[in-house]
Amino acid sequence: MKLINIKVIYFAVLRDLTTKKEELLSVDPGTTPQSLYDILQEKYSFPDQNTFKVAINDNFTEWNEPLSQHDTVVFIPPVTGG
Amino acid sequence: MNNFIISQDEIDFFALNQQFKNPNAGAISSFQGVVRKNNLGKEVLRLEYQSYDRLAQKEGGNIINEALESFDIETAYCMHRTGVLEIGDIAVVVIVLAGHREDSFKACRYIIDEVKLRVPIWKKEIYQNGDSGWLKGAG
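Chains as they are written, first to last, in numbering that gives the first Met the number 0: chain F, 0 to 81; chain A, 0 to 138.
Because the hints were derived from the structure by calculation, they are not lab data. Treat the hints with caution; some may be incorrect.
With a Cα cut of at most 25 Å, we get these calculated SDA-like pairs of lysine to any residue [what the hints assert, rightly or not]:
#	chain 1	residue 1	chain 2	residue 2
1	A	K36	F	K20
2	F	K19	A	Q7
3	F	K6	A	K36
4	F	K52	A	E65
5	A	K57	F	I8
6	F	K20	A	I125
7	A	K135	F	D15
8	A	K115	F	Q48
9	A	K105	F	T31
10	A	K135	F	D57
11	F	K1	F	D37
12	F	K6	A	T81
13	F	K20	A	R117
14	A	K135	F	F51
15	A	K135	F	D37
16	F	K19	A	G129
17	A	K57	F	K42
18	F	K52	A	R117
19	F	K20	A	K105
20	F	K42	A	Q56
21	A	K57	F	D70
22	F	K19	A	R45
23	A	K123	F	Y43
Stretches of chain A that chain F covers, calculated by requiring three or more beta carbons in the stretch to come under 8 Å of a beta carbon on chain F [unchecked claim]:
#	stretch
24	45-52
25	115-129
Just so it is clear, CB atoms sit at the ideal spot from N, CA and C, and this is done for glycine as well.
Construct the entire structure; sequences and hints are all you get.
Structure (structure tokens):
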């Protein structure tokens with residue numbers, strides 16, 4: 000199966016853990032934000048994502064939404080603005 | 000006019016306030032969130048704010064529109080800083096113009112509460128003792 004190319008942008012604690020603002024990844028078709036997070040959690044020791052949200056292409060989305068070619072994924076830890 | 004702004008530059012509250020004039024507004028409510036020198040028992044040296052700008056502007060804009068629909072107000076505006084802020088710097092400003100005080104207060108409160116809950120902006124505290132950390136948030 001042909002891999003799909005995506006971009007992940009990191010903020011806050013995830014940026015500190017990866018020491019990256021963003022990275023390009025090739026993943027299996029059918030990969031979801033949840034399965035992607037699981038892979039990255041293993042790689043970078045990310046915290047549990049129970050309280051996180053996720054966005055694809057600058058829209059909040061569901062954790063089980065399959066990713067498409069050239070999607071941009073952002074994992075959103077609990078916000079602390081103000 | 001975009002009424003939710005992410006700014007990397009210092010917020011000049013008085014200059015900002017001067018921009019809002021409306022002969023129908025008998026009430027102007029405003030809120031300033033300011034960097035405080037202690038949190039959870041630790042001495043804070045400075046803060047760093049990071050923002051997911053595109054989604055923050057979208058979600059912030061949604062909150063402004065909700066306030067305009069829910070309350071009897073003329074104008075609602077919010078600006079949030081990002082980058083490194085020192086003690087006393089303004090992190091966020093909300094300004095609401097309304098015919099009367101009741102709805103200007105309510106809308107101002109609604110906007111700051113929702114911004115703190117929903118807009119993807121994160122705060123890192125840098126402490127006097129050299130430690131630092133991203134705040135956990137409400138979850």
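These are the hints, each one checked on the structure:
no. : hint           : result
1   : A/K36 / F/K20  : violated (28 Å)
2   : F/K19 / A/Q7   : holds (21 Å)
3   : F/K6 / A/K36   : violated (37 Å)
4   : F/K52 / A/E65  : holds (21 Å)
5   : A/K57 / F/I8   : holds (17 Å)
6   : F/K20 / A/I125 : holds (20 Å)
7   : A/K135 / F/D15 : holds (14 Å)
8   : A/K115 / F/Q48 : holds (19 Å)
9   : A/K105 / F/T31 : violated (40 Å)
10  : A/K135 / F/D57 : holds (22 Å)
11  : F/K1 / F/D37   : holds (21 Å)
12  : F/K6 / A/T81   : holds (23 Å)
13  : F/K20 / A/R117 : holds (22 Å)
14  : A/K135 / F/F51 : holds (11 Å)
15  : A/K135 / F/D37 : holds (20 Å)
16  : F/K19 / A/G129 : holds (22 Å)
17  : A/K57 / F/K42  : violated (31 Å)
18  : F/K52 / A/R117 : holds (10 Å)
19  : F/K20 / A/K105 : violated (38 Å)
20  : F/K42 / A/Q56  : violated (31 Å)
21  : A/K57 / F/D70  : holds (18 Å)
22  : F/K19 / A/R45  : holds (23 Å)
23  : A/K123 / F/Y43 : holds (20 Å)
24  : 45-52          : holds (count 4)
25  : 115-129        : holds (count 9)
Taken one by one, the earlier hints fail for this structure at numbers 1, 3, 9, 17, 19, 20, listed in ascending order.
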